[in-house]
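One-letter residues, chain by chain:
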Amino acid sequence: KAGVTQTPRYLIKTRGQQVTLSCSPISGHRSVSWYQQTPGQGLQFLFEYFSETQRNKGNFPGRFSGRQFSNSRSEMNVSTLELGDSALYLCASSSGQTSYEQYFGPGTRLTVT
Amino acid sequence: AQKITQTQPGMFVQEKEAVTLDCTYDTSDPSYGLFWYKQPSSGEMIFLIYQGSYDQQNATEGRYSLNFQKARKSANLVISASQLGDSAMYFCAMREVQRNTGNQFYFGTGTSLTVIP
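Each protein sequence line maps, in turn, to chains U and R.
With this note's numbering, the residue at position 88 of the first sequence is 88, and numbering never jumps.
With this note's numbering, the residue at position 91 of the second sequence is 204, and numbering never jumps.
Extracted from the complex, chain U is given alone in its bound form (with noise of 0.2 angstroms):
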């Protein structure tokens, strides 16, 4: 079984610019979740995704948005990027039901300039 995958995995972008960050799950997982981890703040969650509604939310701002699709990928945007962006963004994926394990993919490595 093939695991979470995230693309891309490394992305430079300037301040003021947007990035959309994508991640598959595992094969019938339908919660997908993100975080950013950043060696100040460590890991932070940022929102779930279950069966393409928003099933939860960090204490971000809005300008980190996401969604998901019916096949359960999920898509993270940040619009009006900052210096304080450039973090590991983690995405993992879980079946949703009772222990909700979660399975992380590799990461997207964001710097921002």
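By construction, these hints were calculated from the structure, which means they are not laboratory data.
Check each hint, because a few of them may be wrong.
[As the list claims (entries may be wrong)] Straight line, CA to CA, 30 angstroms or less: simulated DSBU-like cross-link-like pairs of lysine-lysine:
#	chain 1	residue 1	chain 2	residue 2
1	R	LYS129	R	LYS186
2	R	LYS129	U	LYS57
3	R	LYS116	R	LYS186
4	R	LYS183	R	LYS129
5	R	LYS186	U	LYS57
6	R	LYS183	R	LYS116
7	U	LYS57	U	LYS13
8	R	LYS116	U	LYS57
Remember, it's a predicted structure, so these values are computed and weren't measured experimentally.
Please arrange chain R on chain U, whose structure you already have, making use of the hints.
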């Protein structure tokens, strides 16, 4: 208050020895889940073990076991027979269900484990 606290920024263990990584949590939710993840230098988060708040037995997965002490709100990870490949960052995490926002996940700051040959 921090939802997940990992008080050991770095730990060293001799190869083949056992090591305990500490984790305490804070929640008023009666139904929650606790997780441990391993993050090698490559960056990928690897799921290790899960413990549900209602589980009576401590979770075990191969060389990993979770020492769950509910009254103390602690969920320590025990790695037995350490191997060089166990050198990595280890994160403790909690899932709780909130009335209005559904599942929320919280991660600790991590413990860097180094296995010494």
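We went through each hint and held it up to the structure:
no.	hint	verdict
1	R:LYS129 x R:LYS186	holds (29 angstroms)
2	R:LYS129 x U:LYS57	violated (42 angstroms)
3	R:LYS116 x R:LYS186	holds (11 angstroms)
4	R:LYS183 x R:LYS129	holds (29 angstroms)
5	R:LYS186 x U:LYS57	holds (25 angstroms)
6	R:LYS183 x R:LYS116	holds (15 angstroms)
7	U:LYS57 x U:LYS13	holds (25 angstroms)
8	R:LYS116 x U:LYS57	holds (16 angstroms)
The structure fails hint 2 only (numbered hints given earlier).
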